[in-house]
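Just so you know, the sequences run in chain order A and B. Under the numbering used here, read the first sequence as residues 1 to 267, first letter to last. Under the numbering used here, read the second sequence as residues 1001 to 1436, first letter to last.
From the derived model, a few chain B residues whose C-beta atoms are all more than 10 Å from chain A:
(1) 1243
(2) 1287
(3) 1291
(4) 1300
Covered by chain A, per the in silico footprint, the following chain B stretches (three or more residues, Cβ under 8 Å):
(5) 1083 to 1094
(6) 1098 to 1110
(7) 1127 to 1139
(8) 1319 to 1327
(9) 1337 to 1350
(10) 1354 to 1367
Anything over 10 Å on all C-beta distances counts as not near chain A; from chain B, calculated:
(11) 1072
(12) 1145
(13) 1220
(14) 1244
(15) 1274
(16) 1385
(17) 1419
(18) 1424
Since the hints were derived computationally from the structure, they do not count as laboratory data. This one's a predicted model, so the numbers in the text were calculated from it and none came from an experiment. Cβ atoms here follow ideal geometry from the backbone N, Cα and C, with glycine treated the same way.
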Amino acid sequence: MSTSTVVSRPTIAVWKFSSCDGCQLSLLDCEDELLGVVGAVQISEFKELTRTVVEGPYDVSFVEGSITTADDVERIRAIRQASSMLVTIGACATSGGIQALRNYADVGEFTTAVYAHPEYISTLAQSTGIADHVRVDFELRGCPIDRYQLLEVITATLSGRKPVIPGHTVCQQCKGRGTVCVMVAHGTPCLGPVTKTGCGALCPAVDRGCYGCFGPSDSANTSSLARQLIALGTSRVDVSRLFRTFNAGAPAFREESLRNDSPETGG
Amino acid sequence: MAGRFGWPARLAPRPGESPRDGGDGGDANENRAFGPNQRSTELPIVKLMDLSASFVVDRAGLDRLLGAMTARGYRTIGPVVRDGAVVQRQVSSTDELPQGWHDEQAPGHYRLHHDDDPSLFAWAVGPGSPKSEFYPARSLVWRASSADEVVTLEQPQEDSTPVALIGPRPCELAGLRVLDRVFAGGEVPDPHYRDRRASSFVVVAECGTPAGTCFCTSMGTGPGVADGVEVGYDLALTELKSSNEPQYLVRVGSERGAEVVEEMGGSPAAPADFAARDAVLDEAARRIERKLDASNVRQLLADNLGHPRWDDVASRCLACGNCTLVCPTCFCGGVSDATTVGGVVERHRQWNSCFDLAHSLVHTGPVRATTWSRYRQWLTHKLSTWHDQFGTSGCVGCGRCITWCPVGIDITAEVAAIAASDGAVPVYIESGGDRS
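Bound-form chain A, shown alone:
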C-alpha cells in the first residue's frame, strides 16, 4: 500500500491464537476513544474490526491467545519477525489461559473423551504463553484485559513513552477505592494479596474474593497466602483450584496449585 498519505501513522496488527476473542474485543469496547485511536494508527490486521488486510511489517502487533498447535509455533515466529514491537494481551497470551489446565492432565485422554474422531485433532500437549516462544516487548495481563490498560499501552506507544502499568497487588486498589477487605472482615478466600492489579479491584467491590484473573503480582508470596486460606477453613484441594484457573500456567500460581493438589501434599 502506498504510504504517501499515512506516512506518520504507525501500523497496528491484532492477532489471535487459542483464545475467546474477548481481549481484542476490549479494544472495540473503548467506545469513547475508539475513533481517536483508529485515526491515529493504521490498522493493518484486525479481523474483529475489518476484513481489510495490509501486508506487514507492523509497528506494533497485539497478540491474543496461547500457543496450542505446531502451526501456532510457526505463525507466532513469523509475526515476531514482521513486528517492531510485540505486545501480548490477556491471560491466554501471557500464561496459557484456562486451556493451560491441559498442562496438568493427559491431552490424549481429553481428545479421546470429547471427539468422535480424535485422530483429526492435532494439538500440543501443553498450552503456553507467547513469551515461551518469542521475545515479547510488553505483557498486558487479565482475563479479559482492562481496556484502559490497553489504551494506556497504545497512547504511551504513540507518544514514545513507557506505559504506566502497575505491578502491585489488587489490595492496593481495594484500599484506594475504600473497599472493605473481604478476607479479613468476611473470611472470604481472596487471591488479591498475590494478584497483580489492573481490573479496578472489581470482585471485592461486590463482596467476592479475587479470582486472580490478572495473574501473580510482582512479589507474590503464594505459599503464605495458601497457609492462611487453609487456616481459615479452605480445603487444600480448593486452594489448589483457586490457583488453577485463568492463569493456571503462570509459574507462581502453578507451583502453589501443585503444592496443594491433594489432601496429603502441601507446603
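Starting from the known structure of chain A, fit chain B onto it as the hints suggest.
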C-alpha cells in the same frame, strides 16, 4: 506557594538538631501534641472564652452539633457501618452512626456484631482513617492540552468545603499530628494537605472500647486525650455509660469549639461526670493487653538490620501493601503522567507502598528487590528512622496493620522477637539484586 493559613513555620528538626531536643513530643510516651491546631493561638481572640469549660450532652446534643457544623458549611464525616466494617462517610444525623455495633479484632481478623446497646461509639477503629480526607488515594495534579501550538496548563479546582471529623479516636488524632509534620511541617509544605487540614474541625471521641489489636497505651496516644489547645482537637467527646441513654462529656479544645459547644445545649459537667470519664478510660486502658516497648525500639531496630527475624517475617509477608495503606501515618505516594490520543496530558498523584517492587525502582533495578528488605524498610522507618526524619515515632499504636494484614503479621510481635534475640547473627544476604 503561600497557603491561606499561617502554619507553624517549622515543625521538623533542622539539620544538625537532634530530633529529640526541644521537648517536641518526640517521646512516644508523652501525650503531647504539635501541629496545625496551634492555629487557635494564631486566630484573633475576640472574646475571652473558658476553654476549660466542659459540658454534658445527650444524643440530641450530638445531632445539634452535626447541624451546627453543617450550618457553618462543613462536610461532616463520621463513622457508619458499611460492608461489615466501621468506615467514614458523610453523616447528617446520629441515626447514621454505628449504634449498638461492636467489633472483634485479632491479627488478620475483623468482625462486627450488633446488639441493643444504645452506645454510638462502642467500637474501635476500622480500616479507614482521617488520612484519606487530607491526602486522597488518588488526585489530579494538573492537566495540559495543546491546540494551535499553544499549551494550556490547568490545575483542578479543589473542593474547598471544609471537613468536620466526627469521632476520630485519640490515636487517629495522634496520627494526624504525625502527618502534619510530614506534609505541613517541613520547609516545603504540601499546599493541598495543609489547606484541607487547616480548615478542618475535629471532634475527637475518646476510646472506651479498644480492640484486641490496639496498643495505644504503649505509644502514648490513647485511650484518652489530654486537655489543651496543642493536642489538636476542637471538641473532645467521652461516651459515658448510664442506665439508659448514654451521655457525652464534651470538652473544649479551641475557640471554634467553644463557639460550637454553645449550640449543643448541654449542662455544665459535674465532678461525677469526670469520675465517670476516668472510669471509662481506666477500663479501656486495662483492656489493652498488646504492648510495644517504645522506650528502646528506635535503637533496637537500628542495631538489628541484619537480624534473622527479617527473613522469618518475609516468609509470611505477602508484600501486598495492606499495612501501609491502612496505616494512618504512611504517606508514600507517586505521580504518574498519562497521555490521551487527543493530546491531553494528565498528572495524577496516588498512594503508593514501600512493599511495591516498583517503589524502589531506579535506573538499574529495584533497590529493595526482596520482601525482607521491604518489610525491614517499613518497620525501621515507622519505629526508628522516622524519629530522625520527623522527630517522632511514625506509629500511633492503632493496630490497623495487625488487623488488616491478610496473614496477621503483628508489628508488636516482630519487635518483641527481635528484642528477645537482640544482636542475633546477621543473615547472609544472598546476591539477588538486593543492595540495601
